[in-house]
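Using the sequences plus the hints, can you model the full thing?
Quick mapping for you: the protein sequence lines, in order, are chains H and E.
Be aware that the first sequence starts at 1, since it is given in the numbering used here, and climbs by one per residue.
Be aware that the second sequence starts at 1001, since it is given in the numbering used here, and climbs by one per residue.
What the hints contain is simulated information worked out from the structure, not anything from laboratory work.
The C-beta atom is built at its ideal place from N, Cα and C for all residues, glycine as well.
Among chain H residues calculated to face chain E with C-beta under 7 Å, some are:
| # | residue |
| --- | --- |
| 1 | Ala83 |
| 2 | Gly96 |
| 3 | Cys114 |
List time: in silico DSS-like cross-link candidates among lysine-lysine, alpha-carbon distance up to 30 Å:
| # | chain 1 | residue 1 | chain 2 | residue 2 |
| --- | --- | --- | --- | --- |
| 4 | H | Lys158 | E | Lys1136 |
| 5 | E | Lys1121 | H | Lys86 |
| 6 | H | Lys86 | H | Lys29 |
| 7 | E | Lys1141 | H | Lys86 |
| 8 | H | Lys41 | E | Lys1141 |
| 9 | E | Lys1141 | H | Lys148 |
| 10 | H | Lys41 | E | Lys1121 |
| 11 | E | Lys1141 | H | Lys158 |
| 12 | H | Lys158 | E | Lys1031 |
| 13 | E | Lys1120 | E | Lys1141 |
| 14 | H | Lys158 | E | Lys1121 |
| 15 | E | Lys1141 | H | Lys152 |
| 16 | H | Lys125 | H | Lys158 |
| 17 | H | Lys86 | E | Lys1120 |
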Amino acid sequence: MVQASTVPNLPNVPNATTIDSSLILLDEKLPGGAYWHGIIKRGNTLRVTDLARSQGVSLICYNADSPIERLNVADTAKIQFNAFLKQGMVLYSDMGRILGSITADTSGHHDLICGCSNAASNAAKYGAGAYNKYGESDYNNSRNNFLKALAKRGLTRKDLMPNLNLFSRVSVHPNGDLEYVTGYEQAGSYVDLRAEMNLLVVISNCPHVLHPATVYQPQPIQLTVWRSPTPTPDDLCRTANAEVMRGFINTDALFAQV
Amino acid sequence: MVTTLPIELDPATAIYDEELPARQPWSRVVKQGQILRIIDLQGNQAVDTLFYNAHDPSERYSAPDTVVRQGNIFITTGTQLMSNDGNVMMTVIHDDCGKHDTLGGACSMESNSVRYGLHKKHLHACVENFLLELSKYEMNKRDLVSNVNFYMNVPVSDDGTLEIVDGISEAGKMIDLRAEMDVMVLISNCPQINNPCNAYNPTPARLIIWDAA
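Here it is in structure tokens:
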């Protein structure tokens, strides 16, 4: 069964590494409940910053040049022997290639298991919901956000696969029970995702499906795309293990003719 | 571990009863109310499985919706297999193995090249089975999502460590699934020989279907 708990005090979040403003290509605040989609060119980095104790951020990504190649959360966990994303890990596609690298991460709590919110899960948690002046429910959910973003790029629900969730601590007990643990979220924490191929990223800034809050209060995040440095030969993500080195051989071959 | 008494279903009254050879794909529509039994004939054989609404395959099994609905990452007696539209596709009405995997996904040529070496790319893999079988329905890789691995054991530790470990299944273990809608069931009887999911030795499974009682 699902449980929920809260951890007590955490140390303050380390100071964010400031990005030189001349390197910033896009800098946008995404309100709670909203979605974003964009292409991050190979070599550039998307920083997602928790501005106000996020309740979770759902994310999917695709090979922008051929979106039938897409995030595979099962391969991402299985190949790296871990279900929790952290700095130094990568996102694997379903073609044995690397979509993006987690080059920095001050949160350390990201979820590959639980998928995303939908209309039914929102209704169960928050009730029928308020409607804004445009007649739309204010209680946006991630599944519908993903479907809208994909539709704007000619993609359909067949192109939607299990997502990952940033800034979400979900424990798995030995008997398999899932537990969402609040208290790990911290304003100012961030994660850097370096694109290892031209990457279509879709983000839905709606609370994690298991977040225990019964009031709908998604918090804003900052999205910053920046021209990140060329990886050095000892780049952590490119050299973390034998598997990832082979994954990058597969990935770099995509660009052999560029 | 949940164990219940075997349900008294007589194979003599079944409408389908076949052995699925090692390494082979399979698909068939299981109609609402029908019961599909999957038997691990020789033990420790991963049976990679996906489910589609037989009338609209864009509705398909969703691993996240299933684990969130259950609050648990394992499949066993009582588990409802959920679709991406939030509908119950299948209910596990009997399981004498105890737990089945929702997280490990399927092996593919491409992921094998990463996991086991570039020279292992051209070994047989579940995704190859899935794609060839789906081609009968003019479906393709867009239709593949995280699948169920019956009889596969993938525990997760507190720090997130996840690994396919030696199976908990043994010869003769069975799981019974009741279809809650008309479901197209897609199976790859896993050909993987590089990890313990099949005890390094792919073996056959037996598939039995009964009509609704």
